[in-house]
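Number of protein chains: 4
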Amino acid sequence: MKKTDTLRSDIAWSSLDKIVVHGNDLVNDLMGKVNFGDMAFLSVARRLPSPQESAVFNAMLVTLVEHGLVPSTLAARMTHAGAPEAMQASVAAGLLGLGSVFVGSTKNAANMLQQAWRSAPAGASATELAQAIVAEHRVARQIIPGIGHPVHRNGDPRARKLFELAQANGFHGKHVELMVAVADAAHAATGKHLPVNATGAIGALCCEMDLGLDVAGGIGIMARAVGLVGHIMEESHQPMALQIWNRVDEEATEHMKHA
Amino acid sequence: MKKTDTLRSDIAWSSLDKIVVHGNDLVNDLMGKVNFGDMAFLSVARRLPSPQESAVFNAMLVTLVEHGLVPSTLAARMTHAGAPEAMQASVAAGLLGLGSVFVGSTKNAANMLQQAWRSAPAGASATELAQAIVAEHRVARQIIPGIGHPVHRNGDPRARKLFELAQANGFHGKHVELMVAVADAAHAATGKHLPVNATGAIGALCCEMDLGLDVAGGIGIMARAVGLVGHIMEESHQPMALQIWNRVDEEATEHMKHA
Amino acid sequence: MKKTDTLRSDIAWSSLDKIVVHGNDLVNDLMGKVNFGDMAFLSVARRLPSPQESAVFNAMLVTLVEHGLVPSTLAARMTHAGAPEAMQASVAAGLLGLGSVFVGSTKNAANMLQQAWRSAPAGASATELAQAIVAEHRVARQIIPGIGHPVHRNGDPRARKLFELAQANGFHGKHVELMVAVADAAHAATGKHLPVNATGAIGALCCEMDLGLDVAGGIGIMARAVGLVGHIMEESHQPMALQIWNRVDEEATEHMKHA
Amino acid sequence: MKKTDTLRSDIAWSSLDKIVVHGNDLVNDLMGKVNFGDMAFLSVARRLPSPQESAVFNAMLVTLVEHGLVPSTLAARMTHAGAPEAMQASVAAGLLGLGSVFVGSTKNAANMLQQAWRSAPAGASATELAQAIVAEHRVARQIIPGIGHPVHRNGDPRARKLFELAQANGFHGKHVELMVAVADAAHAATGKHLPVNATGAIGALCCEMDLGLDVAGGIGIMARAVGLVGHIMEESHQPMALQIWNRVDEEATEHMKHA
Numbered sequence: 006m007k008k009t010d011t012l013r014s015d016i017a018w019s020s021l022d023k024i025v026v027h028g029n030d031l032v033n034d035l036m037g038k039v040n041f042g043d044m045a046f047l048s049v050a051r052r053l054p055s056p057q058e059s060a061v062f063n064a065m066l067v068t069l070v071e072h073g074l075v076p077s078t079l080a081a082r083m084t085h086a087g088a089p090e091a092m093q094a095s096v097a098a099g100l101l102g103l104g105s106v107f108v109g110s111t112k113n114a115a116n117m118l119q120q121a122w123r124s125a126p127a128g129a130s131a132t133e134l135a136q137a138i139v140a141e142h143r144v145a146r147q148i149i150p151g152i153g154h155p156v157h158r159n160g161d162p163r164a165r166k167l168f169e170l171a172q173a174n175g176f177h178g179k180h181v182e183l184m185v186a187v188a189d190a191a192h193a194a195t196g197k198h199l200p201v202n203a204t205g206a207i208g209a210l211c212c213e214m215d216l217g218l219d220v221a222g223g224i225g226i227m228a229r230a231v232g233l234v235g236h237i238m239e240e241s242h243q244p245m246a247l248q249i250w251n252r253v254d255e256e257a258t259e260h261m262k263h264a
Numbered sequence: 006m007k008k009t010d011t012l013r014s015d016i017a018w019s020s021l022d023k024i025v026v027h028g029n030d031l032v033n034d035l036m037g038k039v040n041f042g043d044m045a046f047l048s049v050a051r052r053l054p055s056p057q058e059s060a061v062f063n064a065m066l067v068t069l070v071e072h073g074l075v076p077s078t079l080a081a082r083m084t085h086a087g088a089p090e091a092m093q094a095s096v097a098a099g100l101l102g103l104g105s106v107f108v109g110s111t112k113n114a115a116n117m118l119q120q121a122w123r124s125a126p127a128g129a130s131a132t133e134l135a136q137a138i139v140a141e142h143r144v145a146r147q148i149i150p151g152i153g154h155p156v157h158r159n160g161d162p163r164a165r166k167l168f169e170l171a172q173a174n175g176f177h178g179k180h181v182e183l184m185v186a187v188a189d190a191a192h193a194a195t196g197k198h199l200p201v202n203a204t205g206a207i208g209a210l211c212c213e214m215d216l217g218l219d220v221a222g223g224i225g226i227m228a229r230a231v232g233l234v235g236h237i238m239e240e241s242h243q244p245m246a247l248q249i250w251n252r253v254d255e256e257a258t259e260h261m262k263h264a
Numbered sequence: 006m007k008k009t010d011t012l013r014s015d016i017a018w019s020s021l022d023k024i025v026v027h028g029n030d031l032v033n034d035l036m037g038k039v040n041f042g043d044m045a046f047l048s049v050a051r052r053l054p055s056p057q058e059s060a061v062f063n064a065m066l067v068t069l070v071e072h073g074l075v076p077s078t079l080a081a082r083m084t085h086a087g088a089p090e091a092m093q094a095s096v097a098a099g100l101l102g103l104g105s106v107f108v109g110s111t112k113n114a115a116n117m118l119q120q121a122w123r124s125a126p127a128g129a130s131a132t133e134l135a136q137a138i139v140a141e142h143r144v145a146r147q148i149i150p151g152i153g154h155p156v157h158r159n160g161d162p163r164a165r166k167l168f169e170l171a172q173a174n175g176f177h178g179k180h181v182e183l184m185v186a187v188a189d190a191a192h193a194a195t196g197k198h199l200p201v202n203a204t205g206a207i208g209a210l211c212c213e214m215d216l217g218l219d220v221a222g223g224i225g226i227m228a229r230a231v232g233l234v235g236h237i238m239e240e241s242h243q244p245m246a247l248q249i250w251n252r253v254d255e256e257a258t259e260h261m262k263h264a
Numbered sequence: 006m007k008k009t010d011t012l013r014s015d016i017a018w019s020s021l022d023k024i025v026v027h028g029n030d031l032v033n034d035l036m037g038k039v040n041f042g043d044m045a046f047l048s049v050a051r052r053l054p055s056p057q058e059s060a061v062f063n064a065m066l067v068t069l070v071e072h073g074l075v076p077s078t079l080a081a082r083m084t085h086a087g088a089p090e091a092m093q094a095s096v097a098a099g100l101l102g103l104g105s106v107f108v109g110s111t112k113n114a115a116n117m118l119q120q121a122w123r124s125a126p127a128g129a130s131a132t133e134l135a136q137a138i139v140a141e142h143r144v145a146r147q148i149i150p151g152i153g154h155p156v157h158r159n160g161d162p163r164a165r166k167l168f169e170l171a172q173a174n175g176f177h178g179k180h181v182e183l184m185v186a187v188a189d190a191a192h193a194a195t196g197k198h199l200p201v202n203a204t205g206a207i208g209a210l211c212c213e214m215d216l217g218l219d220v221a222g223g224i225g226i227m228a229r230a231v232g233l234v235g236h237i238m239e240e241s242h243q244p245m246a247l248q249i250w251n252r253v254d255e256e257a258t259e260h261m262k263h264a
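Chains A, B, C and D supply the protein sequences, listed in that same order.
Numbered according to our numbering, the first sequence spans residues 6 to 264.
Numbered according to our numbering, the second sequence spans residues 6 to 264.
Numbered according to our numbering, the third sequence spans residues 6 to 264.
Numbered according to our numbering, the fourth sequence spans residues 6 to 264.
By construction, these hints were calculated from the structure, which means they are not laboratory data.
Treat the hints with caution; some may be incorrect.
Chain copies aren't distinguished; within one or between two, either way the pair holds.
What the hints assert, rightly or not - Mimicking DSSO-like on lysine-lysine, the simulated pairs with C-alpha atoms at most 30 Å apart in a straight line are:
#	residue 1	residue 2
1	K166	K38
2	K38	K262
3	K262	K179
4	K179	K23
5	K23	K197
6	K262	K23
Could you put the whole structure together from the sequences, leaning on the hints where they help?
So, in structure tokens, the structure goes:
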């Protein structure tokens, strides 16, 4: 058997009296010593965070836990109505909608920022890169990831706070700068107010913290799994799924009944 | 429309410049102030934890994030092999196996402890209740939730640590006591060493912290979603799914090829 | 290695020029010769159906494909709104709600009928068994699976048709008889009209065709996967998910905005 | 409320004594009259198939039901090991891997064929278009969808059979022609034998039958849901998931135990 054919994982192992996760003794080094967000950092970065990384990464996760009633929480509640005995199925149903439209933009924003700096001509400024990004997206009639919000039109307060925390912890850098410059360039080009939103800020911070594009996608999934458990708990004692079903079915099929 | 027919959620709302989660201003009260585990506590308890609750609840979550290569992480990796573009689908596939066999035992343990104390005759001791629990399960030939472990036969170090942290933070009480007594009674009745395991400890602590049975089930889901992201990231740069597939297919279908 | 430790599947294998499924050459024996319902029968019964079995089994599947707008189709549509690029994720989200409340009743009905005849005293009639079933469920305050329907109060036309087809194809027997007797006994005991519904009829027919309880559960899953694809296709060109979201969010969170 | 804000579905409705699916009375027009494959056609084409369409569409579905032990069936079996009580969750887990790698190629093949003919210069032949397709994919270093197979290197017998059935039923046309020409051109350009595979044939037939790209993706999902139920039934009486888990865990983590 060739070496490449062997199975290998470097995440965790256990023995009679010990569990080791990325080189850390779970019981003696992690439980009671690090918080859940640090453990999430360990899962994706394969090392524990510095205090500064811990502060910013926990804030990024906290930002995305709860969005109220959105399509993914409604999918979870609908699933609960049919399978209340299987909470894991409802959470999974809720996660399945975290695709290109909502959560995908975090990864897309990170990718846009990373690519722009990687292929930037020597001496290019964030402003110049941002103008090029906006121009390219307009020509291709593509949505620019990470900017604009249907509710927080005057600026997404979560993005502002994340950038503040990044500054305070040493993670303000060229990717944050470029993200802000993209929002400004989009405003200048369109006349519309398109502030950096939470996914844009998190995408930029994933770049500053050198976490990679997969983490930019994974953060939303980890955070929403937490929020979905809360929604399913509310649905179980204060349900809305069946009422929504009845209303939707009645309205959407009425035209056929009278055909 | 009757009041019961209206839709109502008490979790979160947002306006032009504000997002409120269970009464807390997300940007000013939560981001940068509470950690991801505290946010998980807020999601399920609908209030922020005390420092003691935060310590124990974060430790419970940290305990369950990572179990190495288990059926649920393998399901996630198999899914990634077919749909690498959809990380949310791989995490969801991994969560779907968190049913009665593995994670369900946390909820079952919590339920067993709660029921026993609720229906206990006045003055009954934990030892007496434990003996009755063990006897009932043996008659019904049912597995007792929360005890025994295939690897950690001399005691699950995670359970010991969780009980230590509970003690240090004021959450040692009659449910922990009963869980330990059940393990002792099972040992006495069967001669087998069946120590309290991590799910038993977490089930007992959910009772001590008054978190309810749904939380006992939800904790494992929240924690594993985090660990699954880490497994999918490893699978994407150091894959094993296709190699496992090839080996399994070859071995399991060979008998038909020669029939 | 012990025999029980080897991996073995008896479903399918392939070679350079051949694919064999449960002993049938896929290309020469199945494609173009059997229909999709027969293939479903082959998957669960591990043999091809007789013409009579084919007629009834196809009808059972056809019955369950489409239920219009129900919680599971709404979960699928909500998922599509977030991840339109991953149709498999939307179908999966829709399937996840096929738990105890809606589809589970097919399996429960089949189980109820099978158990009743297995433990019946010699010479017991369907009427007697039905009365005992109804009495037991009323004492335990449990819902009797397979009877009653919120819309088809005068009798579920699908159940009538399935029983007709069963009769015409030689599958009318004691399980169908008992299912009908249960509906009659429930009517007599409660005064309410509780006719056999589609899940009750399908559960009874799974018993008559000797297909086992897992098939009773699996039929609904296979059929609904087909219907869900149709709903996602409609959602992609005539969407409702975002409109439902907006309405629900507005109504359900308004009370907090004025608090 | 604007017209676009109303909810509307045209799939199905029901009343006291009737269920109507895409204009057909379920009980009187469909049950016992059409097979499961015809019902699948109705779901995606919104009309019943002609006898010729029925023959080819059923064969397309039959082709994709069963692929033996592949990553998606292994994901389903792994899920069953943890949640045997929730068959729907195991089927869903299996479907989640039907993404870009395996099933996605059907849709990609259909798209490639459709685009090529749509943008073809007047008088272009299938051979010319095929050469252009192959050249473009080689320049972009992209895999050409619909050709090549790791096992059926001398030609995928399913593709041959599907094209035969298409010919016999009047669905041989320019898309089938182009798919075959692409395989020939790829062979000429690379020297490798890259015959049309099952997904290429099904993609081409979706174009010939005017079913649209979403159907090309949906066929695989509908068919695999059926096959997955069969795998879960086998897993429940002849399990392999736990044995695979034990082997994988032992091999893949051994290097850490000796570190």
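Okay, the hints, checked on the actual structure:
no.: 1; hint: K166 to K38; verdict: both (26 Å within a copy, 11 Å between copies)
no.: 2; hint: K38 to K262; verdict: between (63 Å within a copy, 24 Å between copies)
no.: 3; hint: K262 to K179; verdict: neither (60 Å within a copy, 38 Å between copies)
no.: 4; hint: K179 to K23; verdict: between (43 Å within a copy, 28 Å between copies)
no.: 5; hint: K23 to K197; verdict: between (57 Å within a copy, 21 Å between copies)
no.: 6; hint: K262 to K23; verdict: between (65 Å within a copy, 11 Å between copies)
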